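Trainee: Chain by chain, the residues run as shown.
2 protein chains.
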Amino acid sequence: MTQHKADQTEAVAAPHLEVIPLGGMGEIGKNITAYRFEDEIMIVDAGLAFPESHQMGIDLIIPRIDYLQQNAGLIKGMILTHGHEDHIGSLPYVLPRLPRIPVYGAGLTLGLVREKLSEFGIKDGDVDLREIGLTDKIRIGTHFQVEFIRMTHSIPDNAGYILTTPAGVVLHTGDFKLDEEPSDGKLSDLARIEQAGKDGVLLLLSDSTNAERPGRTASEADVARSLETLIAGIKGRVFMTTFASNVHRIQNVINIAHRQSRRVVMEGRSMLKYAQVSQQLGYMELPEPFLTNDEVGGLQDQQVLYVCTGSQGQPMSVLSRLAFGNHAKIALRRGDSVILSSNPIPGNEEAVNLVINRLYEIGVDVYYPHLQGARLRARQPGRTRHDPEPRAAQVFLPWHGEPRHQINHARLAQTLPRPPKRTLIAKNGDVIRLSQDEFKVTGTVPAGAVYVDGLGVGDIGDDVLLDRVNMSQEGILIMTAVLHPTPHVEIVSRGFVRANRELDGQIRKVALEAIEQGLREKKRLEDVRDDMYGAVRRFVRKVTGRNPVLIPLLVD
Amino acid sequence: MTQHKADQTEAVAAPHLEVIPLGGMGEIGKNITAYRFEDEIMIVDAGLAFPESHQMGIDLIIPRIDYLQQNAGLIKGMILTHGHEDHIGSLPYVLPRLPRIPVYGAGLTLGLVREKLSEFGIKDGDVDLREIGLTDKIRIGTHFQVEFIRMTHSIPDNAGYILTTPAGVVLHTGDFKLDEEPSDGKLSDLARIEQAGKDGVLLLLSDSTNAERPGRTASEADVARSLETLIAGIKGRVFMTTFASNVHRIQNVINIAHRQSRRVVMEGRSMLKYAQVSQQLGYMELPEPFLTNDEVGGLQDQQVLYVCTGSQGQPMSVLSRLAFGNHAKIALRRGDSVILSSNPIPGNEEAVNLVINRLYEIGVDVYYPHLQGARLRARQPGRTRHDPEPRAAQVFLPWHGEPRHQINHARLAQTLPRPPKRTLIAKNGDVIRLSQDEFKVTGTVPAGAVYVDGLGVGDIGDDVLLDRVNMSQEGILIMTAVLHPTPHVEIVSRGFVRANRELDGQIRKVALEAIEQGLREKKRLEDVRDDMYGAVRRFVRKVTGRNPVLIPLLVD
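Same order as they appear, the protein sequences are chains P and C. Numbering of the first sequence is given in my numbering, commencing with residue 4 and proceeding in unit increments. Numbering of the second sequence is given in my numbering, commencing with residue 4 and proceeding in unit increments.
Treat the hints loosely; a few may be bogus.
Copies of one chain are not kept apart here, so a pair can be met inside one copy or by any two copies together.
Result set (DSS-like, lysine-lysine): computed pairs, CA atoms no more than 30 Å apart in a straight line [as the list claims (entries may be wrong)]:
(1) Lys525 / Lys276
(2) Lys424 / Lys189
(3) Lys332 / Lys140
(4) Lys545 / Lys126
(5) Lys526 / Lys430
(6) Lys276 / Lys526
(7) Lys525 / Lys424
(8) Lys126 / Lys276
(9) Lys443 / Lys430
(10) Lys276 / Lys332
(11) Lys140 / Lys201
(12) Lys201 / Lys526
(13) Lys238 / Lys430
(14) Lys140 / Lys512
(15) Lys79 / Lys443
(16) Lys443 / Lys140
(17) Lys512 / Lys119
Just so you know, these hints were derived from the structure itself, not from any lab. Just so we're clear, the structure is a prediction, and the values are computed from it rather than from any experiment.
Looking at chain P on its own, in the form it has when it is part of the complex (with noise of 0.2 Å):
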C-alpha cells in the first residue's frame, strides 16, 4: 500500500485511470477487477476459484480484497458479466464486506446472484441489484460510463463492456466464446466493438483462456446437431451430463428429446437450480413438463432421457453415484447410453476418468469428447482464441488467464493486421496506471486467495495446508510421554504404517530412553521433550525411511 500511495503524490501529466486486478489475472479463476479514478472506484465481477490438488480439502477460494475494504467509501458500483462462479461466486463474500452499492448485470446474471444470495442467507431487500439491458448504457459515479455489450459464450446473457472514463476509452470483451449460430439467436455485437475501435480505445482487456488453441469452436448449433444424430441412434435410457450453467446447451437437449419422443428427468441440485431459475427468467422453455424418475416406470427406456450433474467426476454427482452404483433410486444397466457432453476441467482430468472406466465396467455405452471417433463430434463449448478484431486500441492487457495464456495471447495479438503498441502482462494487485501517455504498473496492493473451509473464511492459512500435505504423505505419530509416577511413552499414529505392535514397541524404547536421560541430566522438560522428538524422528527414519508429522506430548 505505501507504494501505491507514493505513487499518489506524483506529479500526473494527463488525467489517469488505475485498472487493479484482484482476481483473474495470472490465474483462471475468482475474477474481479477494480477500476480507480480520482476519488471514485468501480468494481467488475466477484468470483471464486476451484482449489488445485495440492489446497488439501478447501472447499474453494475467493479473492483478497483487502484494497475495497480500505478504501471503501470511494467505491461507486459493481458491474457483473455474466453468471458463471468464476465471476459472481465470491458476492456473498465480498458484498457484505463492502458498503451498499449498486450492482449492475443482465437478467439471468441477477437470477443466479439472487438464488446464490439467498443461500447465504442474504435477503433481496441487503443489497441493491439492478438489472440492465445488453446494450444499455449506465453511469457509475461521476466518472465511469459503461455501455454493456452482448458477448456469445457458454451461458446466456453474457457481457463485455466499454469503459469511458476522463483519461480514455477501456474496451473488456469479458469472457466470450465467439457463435456464429448460437441457440437463442443473439450474436455477439462485434459491430459495436468494430466501431468502438475506429472511435478510438485506448487499452483492450480480453480474455486468454484458450489462447494456445488455434483453430475456431463449434457452433453450440454444431454441438446441438451432433447431439441429435447421436441420441436418436440409441434405443436404450440415455443419460446426458455437461456444465449445469450451459443453459443453451440443455435446451437443445430438452428440444432434441421432445423431437425424439423422449421425456426428460433432470437429476442433481445444480442441474434443477439452473432449470428453475432459468424457466422463472424465460430463459428456458420446457415443451412438457419434466418427469421425476418416479413418474418414468411406465415408459419404455427409449422413452427416457435423464440430464444430471457429474460432467466433471465430482464425486457427489449423480453421475459418480450412478457409475459406483451408490445412487439410491437410479441404477445403470446394460442397455444404457451415458452422453459426457464437456471436456475435464484441467486438474478433473483423472476423476472423469475415474467415472468413464467404472461406466464401462457396467456396460453402459459411453460417449465422450475424447473418444475421437466417430461416434462424438461435440467439441468442448470453450472459449475460442479469436478476438473480436481489436482494431484499434492502443494498449492491451491479456486477462483471465495463466501466464502461458496470457504471454500467447499477447503474441497473437502481434500477429494482427493492426497490433497493439503496447502490452503488459500484469499479476493480481498490480496497479496498472492508464493514461494517453502511459501504461505501467506503479505499485501494487495486497492481492490473493482467502480460502473457504466448511464455515470457515481465510482461517485456513498456507501453513496450515502444508500440514495437511505433510500428513498426507507420511501420515502423523503422537507420542504422549507422562512422567509421573513412573516416565511411561504411548504411541498413537494415523497414515503412518499398518497397526505393528514391534515397531511401536521399539519407538516407545526409544522415546523413554531419551526422556530417562533428560531426567538423570535434569534438563528442562521441554528440552526433553525435544530430545524426545529428535531421537524418534532419526529412529523411524532410519527404520522406515518415512518423515511423518511428529507430535510429542509431555503430561507431568
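For this one, chain P is given, so just place chain C on it according to the hints.
Mentor: Okay, now just chain C, sitting in the frame of chain P:
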C-alpha cells in the same frame, strides 16, 4: 484360490493353457502375466505403477504375486519385453521372492535391469539373466517355446513374442509404437506377425493404451526433423527434456546439437543413468563427449544444449528446480529456450502446467506439444492404435489398458476385415482358460497392489491411505485429557485451522465438561474417552463445519 483349484479338477477335453494377468490388465502399469500349462509356469515382465493422487505419499506400486509364490516350484522362467518401468520396475521386489529362474531379455533391457538390481544391492550372481536377440527362439520348461519379434517403441530393443504351447499359439504384440522410419533403422517385424497369422494364432494379446485415439503417431524421424528446425531457429541456450528412456529421441537431439555446433550437457540422475547404460551397450553414440555445466563457461549461449530431467513436472527434477530457481548451479534467464518434447502422462498435467507457467514468468521461450501453433509439431511418441493387422487370431485379449481402452480396443478389432471370433475383457487375477475349444475366465487368483513407501513394502494398506486422505482434507485434532490430580485437557492440532486461542479454549471446555460428567457418573474410562470424543466432534462440526480426524487421549 478355492475357485481356481476347484476348476482344476474339471475334466478338460483339449489341452489348455491358462493366461493369468497379475498386473497390467484393466490398468496402465505394473505389467506382469503368468502363463501356465499343466505344471509349468512362465512369467512375462514384472513392472511397477505410479500412484494416483488419492494414493497419498505412496512412492510406487508393485503387483501382488501370491500366486507365483504359492506355485514357486512350477516357475520355469521369465521373459522381459522391454526396459520401461511398467515392465521391469518391480523386478527388485519380485525376483528375491521367487526361486532362481532364467530371465530372458534383449541387450538394453538387461542392461537397465542390471543397473536397477544393483541399486537394490542385488548382484549379478544372484540372478540368472540371459541375453537374447530379437529374432531368437528359446524354450522355457518343456511346454513353452518363445520366439521374440522386434517391435518399434519409444525405447530400443522392444519385443513382442510368439508363444507356442501344446494348447495353441499366442501372439503378444507387447507395447508398440509403429514407426516406419525408426532412428536405428530397425523396423517392426510385421512380416513375421503376418506369417504367424497365416500359420494360425489362437490368441492375440495386444496393447490397448491409445485405442481411443484415431490416426497415426508421428515417426521418430518426423519428431527429429521438427526438433532440428526448431533448435536451428534458437539463438540462446536450449534446455530440452523428454522421457529419459527415450534413447532414440535423445540420440537425435545429440546429433542435432552436433550439427548445429552446440555442446551437450546432461543434467539429472535418470538422464545420466540411461545415457551411461545406452553408451556402454552401444545404443547411444556421442559425436563428442558430454560437457558438464562447469565446462560450458567459455562457450556462447548458442553453443550449448542441455538435456535434462523433468518432462513430467516431477518436483525434484532438473527442469522443476530450474523453473523455481532452486538449481544450485544453473539459473534460467531471458533468451533461454525450454523444449518439453513429451506430453504429460495423465495425472501429471497440473505439475507440468505449474512448471510451464513458471518458465513463462521467468521470461524464457517455452515450446511444448500443447502449444499447437506452428512452433513445435513434434507429437507425443506414444503408442498408436494401429494394430499390426492380426489376420487370423481366433480370440483376442485386449491388454495394457484401463477398461475404456480395452473395450475400445475390442471394438476396433471388430472393424478389421477378419475380426477375432471372441474377445474377452479381463481383469488382473483372472484365470483365463484357453484351448482350441475354450476361451473363458474359470477362476481368480489374488492380484492387486502392494504399496511401496520409503523402505516399507506392503506395510501400507488402504486403511492407512484413508487416514491420510482424511487428514489431508480436514486436519487432525489431538485432545489429551489428564485426569489427575485435577482433570484438564490439552489441545494440539495440525492442518485444522490457524492457531486460534479462543476456539482452543472452547474445545477444551467442551471436552472437560464431558470428562467431568463421565467421572461424576463413574463411567468406565473408555466410555469417558468416547464421551469426550463425541462432545468435541459435535461441537467442532457445529462451530467450524469441519470433521478433523480426532484423537482422544486419556492419561489416568
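Trainee: Hint by hint, say whether it matches the structure.
Mentor: Against the structure, the hints:
1. With identical chains, the CA atoms of Lys525 and Lys276 are never at most 30 Å apart, being 67 Å at best within one copy and 52 Å at best between copies.
2. Proximity of Lys424 and Lys189 under a CA criterion of 30 Å is satisfied in neither setting, with 33 Å inside one chain copy and 53 Å between copies.
3. In this assembly of identical chains, the alpha carbons of Lys332 and Lys140 never lie at most 30 Å apart, being 50 Å within a copy and 58 Å across copies at closest.
4. In this assembly of identical chains, Lys545 and Lys126 lie within 30 Å of each other by CA distance solely across copies; the values are 23 Å between and 60 Å within a copy.
5. Taking CA atoms no more than 30 Å apart as the test, Lys526 paired with Lys430 passes in neither setting, with 52 Å inside one copy and 60 Å between copies.
6. For a Cα distance limit of 30 Å, the shortest separation of Lys276 from Lys526 qualifies neither inside one copy, at 64 Å, nor across copies, at 49 Å.
7. In the homo-oligomer, the alpha carbons of Lys525 and Lys424 never lie at most 30 Å apart, since the shortest distance is 74 Å inside one protomer and 82 Å across protomers.
8. Taking identical chains as interchangeable, the C-alpha atoms of Lys126 and Lys276 lie at most 30 Å apart only when both belong to the same chain, with a minimum of 18 Å there against 65 Å between chains.
9. Taking identical chains as interchangeable, the C-alpha atoms of Lys443 and Lys430 lie at most 30 Å apart only when both belong to the same chain, with a minimum of 12 Å there against 60 Å between chains.
10. Only within a single protomer do Lys276 and Lys332 lie at most 30 Å apart by alpha-carbon distance; the minimum there is 20 Å, versus 56 Å between protomers.
11. When the C-alpha separation of Lys140 and Lys201 is checked against a cutoff of 30 Å, the pair qualifies only within one copy, where the shortest distance is 19 Å, while the shortest distance between copies is 77 Å.
12. For a Cα distance limit of 30 Å, the shortest separation of Lys201 from Lys526 qualifies neither inside one copy, at 81 Å, nor across copies, at 84 Å.
13. Taking identical chains as interchangeable, the C-alpha atoms of Lys238 and Lys430 lie at most 30 Å apart only when they sit on different chains, with a minimum of 29 Å there against 52 Å within one chain.
14. Taking CA atoms no more than 30 Å apart as the test, Lys140 paired with Lys512 passes in neither setting, with 77 Å inside one copy and 58 Å between copies.
15. Only within a single protomer do Lys79 and Lys443 lie at most 30 Å apart by alpha-carbon distance; the minimum there is 24 Å, versus 73 Å between protomers.
16. Taking the shortest Cα distances, Lys443 and Lys140 sit within 30 Å of each other inside one copy (28 Å), while across copies they are farther apart (72 Å).
17. Within a single copy, Lys512 and Lys119 get their C-alpha atoms no closer than 56 Å, and across copies no closer than 36 Å, so neither meets the 30 Å cut-off.
The structure fails to meet hints 1, 2, 3, 5, 6, 7, 12, 14, 17 from the earlier list, while all remaining hints are met.
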